[in-house]
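Just need the whole structure built from these sequences, with the hints factored in.
The listed protein sequences derive, respectively, from chains A, B, C and D. Under our numbering, think of the first position of the first sequence as 10, with each following residue one higher. Under our numbering, think of the first position of the second sequence as 10, with each following residue one higher. Under our numbering, think of the first position of the third sequence as 10, with each following residue one higher. Under our numbering, think of the first position of the fourth sequence as 10, with each following residue one higher.
These aren't lab readings, by the way, just hints derived from the structure by calculation. There's no promise every hint is true.
Identical copies carry no separate label here, and so any pair may be met within one copy or between two of them.
[As the list claims (entries may be wrong)] Computed list of lysine-lysine pairs in BS3-like fashion (alpha-carbon distance at most 30 Å, straight line):
hint : residue 1 : residue 2
1    : 210       : 326
2    : 370       : 326
3    : 108       : 373
4    : 326       : 282
There are 4 protein chains.
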Amino acid sequence: MTGNSIGDSFKVTSFGESHGKCIGVVVDGCPAGLKLSEEMIQRELDRRKPVQEIFSTSRSEEDRVEILSGVFNGYTTGAPICMVIWNKEFDSTSYERIKFVPRPGHADYTAYIKYGGFNDYRGGGRFSGRITAGFVMAGAVAKRILKLLNIEVLAYTLEIGGIRMKQMDLNEIREHVEKSPVRCPDLEASEKILEMIENVKIEGDSLGGVIECLALNVPAGLGMPVFDTLEGDISKALYAIPAVKGVEFGRGFNVAKLRGSENNDQYTIEDGKVVTITNNSGGILGGISSGMPILCRVAIKPPSSISKEQYSIDLVKMEKRTLVVEGKHDVCIVPRAVPVVESMVAIVLADHAMKAGIVPKVVKDVIE
Amino acid sequence: MTGNSIGDSFKVTSFGESHGKCIGVVVDGCPAGLKLSEEMIQRELDRRKPVQEIFSTSRSEEDRVEILSGVFNGYTTGAPICMVIWNKEFDSTSYERIKFVPRPGHADYTAYIKYGGFNDYRGGGRFSGRITAGFVMAGAVAKRILKLLNIEVLAYTLEIGGIRMKQMDLNEIREHVEKSPVRCPDLEASEKILEMIENVKIEGDSLGGVIECLALNVPAGLGMPVFDTLEGDISKALYAIPAVKGVEFGRGFNVAKLRGSENNDQYTIEDGKVVTITNNSGGILGGISSGMPILCRVAIKPPSSISKEQYSIDLVKMEKRTLVVEGKHDVCIVPRAVPVVESMVAIVLADHAMKAGIVPKVVKDVIE
Amino acid sequence: MTGNSIGDSFKVTSFGESHGKCIGVVVDGCPAGLKLSEEMIQRELDRRKPVQEIFSTSRSEEDRVEILSGVFNGYTTGAPICMVIWNKEFDSTSYERIKFVPRPGHADYTAYIKYGGFNDYRGGGRFSGRITAGFVMAGAVAKRILKLLNIEVLAYTLEIGGIRMKQMDLNEIREHVEKSPVRCPDLEASEKILEMIENVKIEGDSLGGVIECLALNVPAGLGMPVFDTLEGDISKALYAIPAVKGVEFGRGFNVAKLRGSENNDQYTIEDGKVVTITNNSGGILGGISSGMPILCRVAIKPPSSISKEQYSIDLVKMEKRTLVVEGKHDVCIVPRAVPVVESMVAIVLADHAMKAGIVPKVVKDVIE
Amino acid sequence: MTGNSIGDSFKVTSFGESHGKCIGVVVDGCPAGLKLSEEMIQRELDRRKPVQEIFSTSRSEEDRVEILSGVFNGYTTGAPICMVIWNKEFDSTSYERIKFVPRPGHADYTAYIKYGGFNDYRGGGRFSGRITAGFVMAGAVAKRILKLLNIEVLAYTLEIGGIRMKQMDLNEIREHVEKSPVRCPDLEASEKILEMIENVKIEGDSLGGVIECLALNVPAGLGMPVFDTLEGDISKALYAIPAVKGVEFGRGFNVAKLRGSENNDQYTIEDGKVVTITNNSGGILGGISSGMPILCRVAIKPPSSISKEQYSIDLVKMEKRTLVVEGKHDVCIVPRAVPVVESMVAIVLADHAMKAGIVPKVVKDVIE
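Structure, rendered in structure tokens:
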């Protein structure tokens with residue numbers, strides 16, 4: 010209940026600050042015998058990089074993971090795995106100037122109130138998007154566990170700035186997603202999004218979007234009703250990503266307009282297996298996985314840091330003032346958030362898989 | 010991690026089954042000295058009743074709460090509060106007939122898989138909407154705690170079957186909501202919804218909708234980032250309500266279409282207090298309450314029990330078959346879910362208020 | 010963190026008061042498919058009865074368990090199991106008279122301070138030994154789970170009032186323990202203890218003792234270092250029994266006087282299995298079970314309710330006064346505490362067995 | 010439930026291995042605004058050093074703490090505090106030679122079974138006494154919090170190898186304890202202990218002992234019955250110290266020989282405050298602090314690493330063999346364990362103080 014840990018059987022504890030010494034994470038509960046290396050983690054971490062110089066900060070983050078504990082001779086030991094990224098020296102002077110002037114949309118004001126002004130405000134401190142690098146490191150471990158179960162987590166950009174991808178089948182999506190600099194598998198839409206990003210960058214403004222995430226081959230039976238439902242735990246995990254403002258499953262908010270006869274997923278048998286003809290539920294019934302693909306969508310708000318002048322206040326003088334947030338800003342973080350969404354979903358599924366007893370406590374890992 | 014408890018400092022443990030002996034709840038962590046009676050709980054519980062004969066089951070549920078522990082001489086003692094509703098005898102024969110035939114949209118199939126067929130399937134067992142009566146009992150206690158802090162939680166029907174209420178101000182909403190049999194404060198929309206419900210009832214089908222929920226006077230500073238965010242915990246709690254498929258805060262999924270300059274809530278000072286000019290964030294920044302009203306919306310799917318024939322399978326014979334779900338069904342549970350949504354939000358806020366240390370451990374309760 | 014729940018994967022939540030409506034417990038996390046009946050629970054509960062009229066309260070407690078949820082057709086469903094004992098009407102008038110005069114040795118004073126006087130003081134309320142009836146109900150479920158693994162938990166009176174049982178082998182202990190009205194398998198010592206109890210009863214005083222508890226056939230590998238050690242979790246569980254003031258494992262406090270060469274348990278191979286030649290560690294190394302019998306001892310203080318005059322104070326008048334605790338008192342609760350100690354150890358072992366993944370989530374229970 | 014975290018409101022997560030890169034700890038839940046520096050932590054850490062060359066390993070550990078997060082401008086920020094000690098290069102060759110030969114008394118065998126041989130066995134890995142350096146770092150933070158409440162935790166050597174300190178009053182103890190190289194405040198006993206240590210060192214054997222720990226000025230009302238009792242949580246925390254085999258409170262195991270009339274702590278009023286005439290309960294009644302000093306005793310086994318030949322087995326060949334544990338060994342760890350015992354008690358008290366709501370969430374720290 011101290012806020013910086015998530016998961017019961019696969020527990021992730023986050024620490025570190027944007028402009029502090031490091032961003033780190035402790036993963037406790039990982040089975041012993043899992044093959045794990047810094048390279049494996051790094052591969053995931055690299056996906057969180059700003060995708061193209063064009064629409065991102067020019068700050069080139071060469072984040073390198075270092076494993077501090079829990080791995081021995083290339084395998085997990087069953088002990089807690091601590092991983093860190095050492096921060097480069099950041100210039101925090103611009104933050105000093107506005108430390109009593111909360112940036113609209115950011116957590117500056119709420120953090121100031123909650124921590125009485127003692128919080129590390131440089132670069133947003135604990136509230137920086139940079140914290141999600143830790144989530145990705147933990148997510149990389151979770152994905153290794155899911156791989157043992159043949160579970161795949163796949164996210165992609167569904168929509169940015171109102172431009173939405175067309176309906177595509179799974180194989181197409183999988184094939185195209187990493188070809189798009191904005192991780193939108195519909196390459197035509199991807200082009201349009203890039204163009205929009207460029208324009209909005211010039212305006213000094215920013216763009217939101219929607220990420221869709223699939224989890225495939227999740228066996229039926231994961232989830233712990235009535236409170237630790239799969240939807241509930243996935244949602245909660247996703248809200249740890251700073252920009253998330255909505256999460257929905259299956260048909261999501263559209264269910265409000267459907268009749269029961271349209272929304273119910275009717276059963277049939279396919280290849281001797283029970284399946285549903287549709288998957289409006291997003292693979293979850295009663296908080297428990299049904300064996301159908303888990304499907305969720307995540308609303309990502311436009312980055313709060315924009316170059317336009319905004320109204321704010323001075324918290325010490327209690328005076329109104331205006332503010333222009335300095336520096337180069339991400340116009341849109343949706344593409345970078347894609348691997349973070351995957352990570353959060355993977356962390357929850359790994360936790361639930363372990364709780365369901367389908368992950369061995371000692372793994373004989375042979376997957377590469 | 011066993012699934013049936015929620016909350017850290019204000020912990021709710023649910024038990025009971027739809028057609029078992031009772032529906033119950035244990036509330037642990039409630040401060041001592043809070044005035045509490047069965048009448049107070051009952052008042053909330055009565056709000057969960059089917060609102061009008063017209064669109065609901067004719068099964069008249071006279072659910073009476075009994076407090077089994079934790080209250081002495083009219084005040085809470087600091088000990089766990091166990092509350093139950095004793096179930097009437099239900100006729101479960103129709104459930105016996107289909108115990109191996111999962112009803113589409115219900116949790117029958119996932120429960121069968123997870124519990125190996127040992128689950129109590131009568132009336133949906135643990136997965137029945139009836140379980141939420143326990144949430145309302147716990148929510149009534151939570152609301153008492155929030156009242157000490159002057160916090161009000163107010164939910165209402167925003168939309169049913171595509172009919173959406175007009176924009177209204179807070180006072181109007183508060184005044185009209187309980188006048189509408191479907192808890193839609195826009196009484197014109199309410200009329201149309203009633204009509205639609207009647208029609209859909211004749212068709213033997215069902216209707217979904219959206220509930221909006223406000224929490225007013227929540228002080229800035231509640232929420233425990235990075236994982237136990239207010240959005241995350243509220244979402245998770247809401248997904249315990251069987252029919253929820255989406256949760257969003259503030260502008261929610263609409264943020265995807267907004268620019269940063271439109272979405273950022275800029276600051277100003279009003280009556281010597283820091284406020285934001287807009288409240289697109291829904292009163293939460295960085296997972297922490299900002300002092301502005303907390304605003305969320307919840308997508309409620311149409312009830313799965315419909316009178317139309319549907320495809321299903323026989324899990325024992327592994328054969329396809331059709332199924333007509335017998336009995337009288339709720340056409341739309343949105344109005345009944347309104348107090349349940351309020352309860353879940355109240356439970357989370359009470360928990361966070363206690364974690365934030367703003368609720369005394371011993372209350373001198375004088376509020377009526 | 011609200012205090013009334015214990016266990017992670019097998020979670021026990023206690024509620025109820027000594028003179029309230031009931032004593033109850035919710036067991037969450039029990040696998041589905043376990044055969045369970047009120048008779049099975051009752052059998053354990055009966056062992057907690059005052060053993061002989063001679064040394065106990067004359068209050069004849071006919072505690073009958075009622076299962077309220079979680080069991081269907083004679084098997085657990087995977088849903089939380091709520092069990093209660095309905096209290097008889099107790100005469101609480103003597104407690105009314107001394108409600109501001111804390112009884113020495115009882116929790117009256119600390120409860121008064123903690124709960125601001127709102128606690129139910131009748132019969133000790135939550136702090137009564139009667140609360141342990143709930144532990145025994147939960148322990149009975151835990152023992153069912155352990156039986157699947159062939160684990161046996163066996164406790165007995167090692168010492169009362171300074172009279173200690175002789176060294177005996179396991180079979181003798183198992184055979185004789187229930188023959189002794191004070192649960193001391195050394196029947197000669199048992200006789201002497203009975204005599205002493207009779208004498209101390211006449212004096213209006215009370216007696217303490219030591220309970221020894223064995224857990225047999227516990228497989229190597231249970232326990233979650235570094236904090237959730239088997240010793241740590243067993244100790245913590247045992248301190249929930251009101252009278253416990255010390256817990257030790259294996260040689261316990263005697264290790265202080267041993268050399269390493271005497272205390273180390275050296276290894277050998279027996280019937281192809283790794284065993285230790287001695288078992289000074291009490292079957293636990295590094296917080297993890299070694300496969301040798303787990304052995305702990307529990308110090309039980311003499312009951313605080315005695316007929317002798319004692320010094321106390323009036324908390325309202327803040328005046329010194331004397332007090333004679335009225336009513337008939339247990340001279341010694343050690344024999345009654347034996348099944349409670351077994352229950353707490355069983356609860357912890359069931360929890361750890363489930364965490365270790367060696368209990369199936371769905372049991373095909375055939376044991377009688 | 011993953012084992013490496015303890016505490017609810019003040020949560021400590023341990024990581025690192027004896028011969029890995031580091032020993033570390035994350036402290037989550039610490040209030041913001043607490044003055045904290047590496048020097049403050051280091052001071053406590055230095056107390057864990059081998060006290061005298063004579064009876065300790067010659068391995069001179071110059072453990073330097075580094076704070077990685079959670080402290081900004083000399084004050085805690087409310088964010089998780091990660092602290093590490095970077096390990097020197099250790100020679101692990103002797104461990105390689107015996108990696109399949111469990112050292113008697115150590116956790117080698119149980120760890121091998123639990124983690125399938127994947128555990129880091131070098132220097133005992135996670136089971137090394139070195140892990141307790143992390144506990145001391147966390148304990149140093151806890152002590153800072155307790156200082157705000159004027160709570161003092163004071164431990165000392167009560168007994169080593171059968172030599173027990175005489176009865177002394179608190180001021181004497183406080184004054185003398187750090188003058189004794191073995192932390193025994195009875196300096197005559199201290200001399201005898203030193204002599205015994207020297208002799209036992211020559212024999213290649215080791216010595217156990219008992220540590221006594223006091224917590225002073227703990228306000229009445231801490232503790233969360235019925236399960237999260239103060240005794241239970243303190244015990245559990247102490248069993249994380251590798252050598253602990255028994256914990257008792259107040260009169261501890263001696264209560265077994267006392268009558269109720271001797272053991273009950275009768276009440277009186279002193280300086281307008283409620284106190285007990287004796288303190289046999291060790292300052293805890295019903296699991297809740299009474300305002301009297303908390304007193305516990307901890308049995309510490311003799312170090313398992315001795316120079317004498319011992320029986321063991323080869324786990325791979327499944328053959329009996331003998332073993333001489335190489336290297337220089339601590340003859341007795343009791344003196345080094347004194348600050349570790351203090352740390353564990355401080356961690357639990359800080360956690361309970363925070364749960365009781367008596368620690369502000371934002372501290373205006375002025376203590377030096």
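What are the numbers of the hints the structure violates, in ascending order?
The structure breaks only hint 1.
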